Amino acid sequence: MIFLHGRGYSKENMDPMFEHYRDAYHVVSYDARGHGESDKPKSFTLDDHVDDLAEIIANYNLGKPIVVGFSMGSYIALKTAEKYPNLFSKIVLIGTKGGGTTSSTEKVAKEGQLNGLSKAQMAQTMMQKIFAPQTTAEKIASFDKKIASKAVLTGTQQAAITNSLQDFDLITDANKVTIPVLVLTGEYDGLNQPVEGKKVADALPNARFETIPNAGHIAFFENPTKVYALIDTFVRNN
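Okay, so the sequence shown: first residue is 38 according to my numbering, each after it adds one.
Hints listed in this document are in silico derivations from the structure and should not be mistaken for laboratory results. Be a bit skeptical, because a hint or two may be false.
[As the list claims (entries may be wrong)] List time: in silico DSBU-like cross-link candidates among lysine-lysine, alpha-carbon distance up to 30 Å:
| hint | residue 1 | residue 2 |
| --- | --- | --- |
| 1 | K127 | K263 |
| 2 | K101 | K213 |
| 3 | K182 | K213 |
Remember, it's a predicted structure, so these values are computed and weren't measured experimentally.
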């Protein structure tokens, strides 16, 4: 089971799932290109991420893994399956969307939703986009503390990540992905709303869509019990 983290994070982003499944599966997690401890080139694309994942699977003889992608990681997972339809056995997409002109966080800024706000107000606005209202400040702080040291990026590095997600499309070739896919979106996800995840599921020949209650963008952190139950059923029944 391979875990793919979100934009601007590192592999530690997926630690909750990694730890949960490590006794049941051979689990793999890595820092995507431009993130964490991986190389940070000035320019790269979503296709580079795709080839990185394919090479990791080949070099480590991982067979046909189950791939779990969160946010940007979900884009990488689906784009890889479109290019290499027989590479995976199953896919789980969490907090996904079918394409766009840029990353979801950058989209918030470009739409002017942060205009005129102080840094503190910007942070609060983004927290409201990412987390469900029920998620406590203490829980959010525990998540941020765990990943903060490994997710530090310069402005130039952030820009390279943003540019890598310009004008990507996961819908046009979605019909090539015939393996089972589970699409999960938190009901309060303000970055990639449930309607976006539903569009992806509807474009796939063999997909199931579920909304995660009491969760925002990082559904596996906010409502792990529901997420793990759905994944376990999905894997067992397929």
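**Message:** For K101 and K213, compute the direct alpha-carbon distance and say whether it is at most 30 Å.
**Reply:** holds (17 Å)
**Item:** Pair hint outcome, K127 versus K263 [Cα-Cα no greater than 30 Å]
**Value:** holds (19 Å)
**Request:** Given the hint that K182 pairs with K213, test it: the Cα-Cα distance must not exceed 30 Å.
**Result:** violated (40 Å)
Of the numbered hints listed earlier, the single one contradicted by the structure is hint 3.
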